[in-house]
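> Quick one: dock chain against chain with the hints and give me the complex.
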Amino acid sequence: MEVECLVIGAGPAGSMAAKELASKGIETIVIEKRQEIGAPKRCAEGVSKHSLEKLGIKVHELGIARTIKGAVLYSPSGKKVVMEGQGMEGYVLERKVFEKYLASEAIKEGARYMVKTQATDMVRENGRWRVSIKNLDGEDEIIANLVIGADGVESKVGRWAGLKTLNRLTDYHSGIQFEMAGVNADENYIHLFFGNEVAPLGYAWIFPKAFSANVGLGILEKGAKMRAYDYLKKFIEEHEDIFKNASPIEINSGGVPVAHFTGMAADGVMLVGDAAQLVNPIHGGGIVRAMHSSIMAAEVAEQALKEKNLSKERLMEYENMWNEEYEEKTNKLLKLRSFLEKLEDKDFELLADILEGEDIFQLTQAKLSFFLKKLIKRPSLLGLATKYLRD
Amino acid sequence: MIKINRERCMYCGGCVGVCPANALTLNETMLTVSEACNDCGICVKFCPVGALEV
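Sequence lines, in order, name chains A and B. For what it's worth, the working numbering labels the leading residue of the first sequence as 19, then goes sequentially. For what it's worth, the working numbering labels the leading residue of the second sequence as 59, then goes sequentially.
Chain B with its partners taken away, still in its complex shape (with noise of 0.2 Å):
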């Protein structure tokens, strides 16, 4: 499961949108991360800060 890190974090949910598992979802400022997550790493590569990690 991908790790975020809170205070990289912008919670633009940019992530939520590339997330083939559809395991993200975003609410204000919390983004948080269900079972579904496979690694896949694509929201990684997306995200503008480096805020997540495999």
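Same shape as in the complex, but just chain A (with noise of 0.2 Å):
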């Protein structure tokens, strides 16, 4: 079988992508190595409401579980803050409908999907990849001018191509999830819990769904005395209020890369979404990078088909394209997650005492200039400054 462009993994990069190729002409084939598209999911579910408009991307109301106004965050004694207002509001997504509804929005674009299709290797050959699948029909070959990895944290394609895919520990939550009925936390918010016992180096969540909701945790190994379901257990455990009635109905767990990534393409090759690490390295929120990096890789690999030119340096305009957009902000947001990284139970504490909702908000948004100077305001924060200074 022989096609211009292979999309390897349908998540929410890989249909997006097809989505985008099929539209532009691009005759374009997705395999995805699942049985069924978009499950089980590795992922809590959330996402932002103003970042999915600014892409205009639509979302079918049956992918939506839940419409929410806000967060609540906690510190580890239980001092709340909220985060509401505009550009706050999000949806907690039913992942599994809205990835089968972004495939079939793909193939109405003139994309063809196949499921259950692995591809087991890849191999270049006379400019072109020749990449070797199986499936229910048996084995075969597709041979492909471009390929867009989309394969996730799993990257495979990365790996075949000769890219950087290796996550490492240091940057790379361990996650865990489960998602229960019968909890008792207010349904119009999503709610983040910090601190060094909850789950160190990342935070534990609950965030409703139409009649459930996803709780979980991510951590980092470095700073952990436990496995990420130890941590989740006790979070369960430890507040009784909100948990007392409630039981799983799915569990789920995943890797969450946090890291910046460079070397997004090689010759007839991008990486998209979670193969290219391309995660929010605050929140660890991936679905609107994801899609976004689909649709710049699309937009270069559109030029570079006519172009008949599919050399790295050509599709190396797809990283370019990104880092204009990104760099800067996600080089904050590490820097952000360094200085997260060095505090104790105590600062938390501090920063819930003298951060508003709107001040954590334009701090994920890479906003940092005023925090500082709200931290060398006052003798008792002088510790804090040190330490968001020392980088």
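A few of these clues could be false.
[Unchecked claim] Mimicking DMTMM-like on lysine to aspartate or glutamate, the simulated pairs with C-alpha atoms at most 20 Å apart in a straight line are: (1) A:K243 - B:E111; (2) B:K103 - A:D248; (3) A:K251 - B:E86; (4) A:K42 - A:E20; (5) B:K103 - A:E20; (6) A:K114 - B:E86; (7) A:K240 - B:D97.
If you are wondering where the hints come from, they were derived from the structure by calculation, not from laboratory data.
Structure follows, in structure tokens:
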């Protein structure tokens, strides 16, 4: 089988890429190794409404499990900071439905999909990629001019193409989640819990859905004394008011890349979404970034295919586009991440005292200049200011 | 070579992304480890549920 463009992986990144490519008249095949697109999820399913709208991405109403007003943040001792207002609204998705809808949109544009179809190898041959696949019909090959690697944190495409997709343990959250019914928490907000005994170097979350909630946490191994699973059990035990009548109806886990990635393209290959570790390093959200990367990759692909130049140099324009939009912000967020990783529980308490919801929103938007001014105002915060500056 | 506890494995594939030897592969519910495994133990440190053992 020969095709102009082969997309490997049918998550939000892969289907967005397929939709964009197909709508530009580019012949596109998507292969997905799972037998069902979108399940099981490896995700808390939260997404910012504002970010989706900015990209003009439509979400099917059936894919939205809950619309939320904002977030409530909890310090280790339980002090609350509420974030709500413009720009802070969001959706908690039903990923399975959301992703199948995205696939249907790509198919509507002319993309072809194959599920339960695994890519097992990929070799460069006469300026094209020969991809070996396995599925219910046996073994086969697809020869493609361009391969889009949308194969997530596991990315084999990146490794076959010689790109550095290996995640480092210091920049990779170990995540675990129960989707639970019977959770007693305000359904209009997502709830985020901080503290080195709660979720070392990460946070715990409750994301309300239609009749359930995603309850999970992410930790970094270097700060952890036990498994993510053990932290989650402890979290649930310690919040009897919330979980007294709750039981899990699904368990998920996964790795979350929280770094800055370079080298997103090789000859005839571009990586999108989690395969290129394109996740917000502060909150670990990756859906919108994944879809945005695919929009950019498809734009570069269209031009490069027209010019019949799929060299790495040509395709690296995609990375340049990405960096223009995200590099500065990501670097600031990484600085903020490194600061947050230095905090002791008493520091979180101090921050809960001095920060308003709006301040925290600004921080998550990588607007950091006000932060130091705020810290140096009070002598009691000098320790924090020093931690912030020491980088 | 690392040992996989299949009863504990959540087949999330998180370990695949940190394996420096590219020895791990996940297909649906089946995690496999190849001869390339050098027992470095990074996957064991990552696994959220403790399904891997050196």
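> Take the hints in turn and mark each one as holding or not.
The hints, checked one at a time:
no., hint, verdict
1, A:K243 - B:E111, "17 Å, holds"
2, B:K103 - A:D248, "14 Å, holds"
3, A:K251 - B:E86, "26 Å, violated"
4, A:K42 - A:E20, "19 Å, holds"
5, B:K103 - A:E20, "41 Å, violated"
6, A:K114 - B:E86, "15 Å, holds"
7, A:K240 - B:D97, "19 Å, holds"
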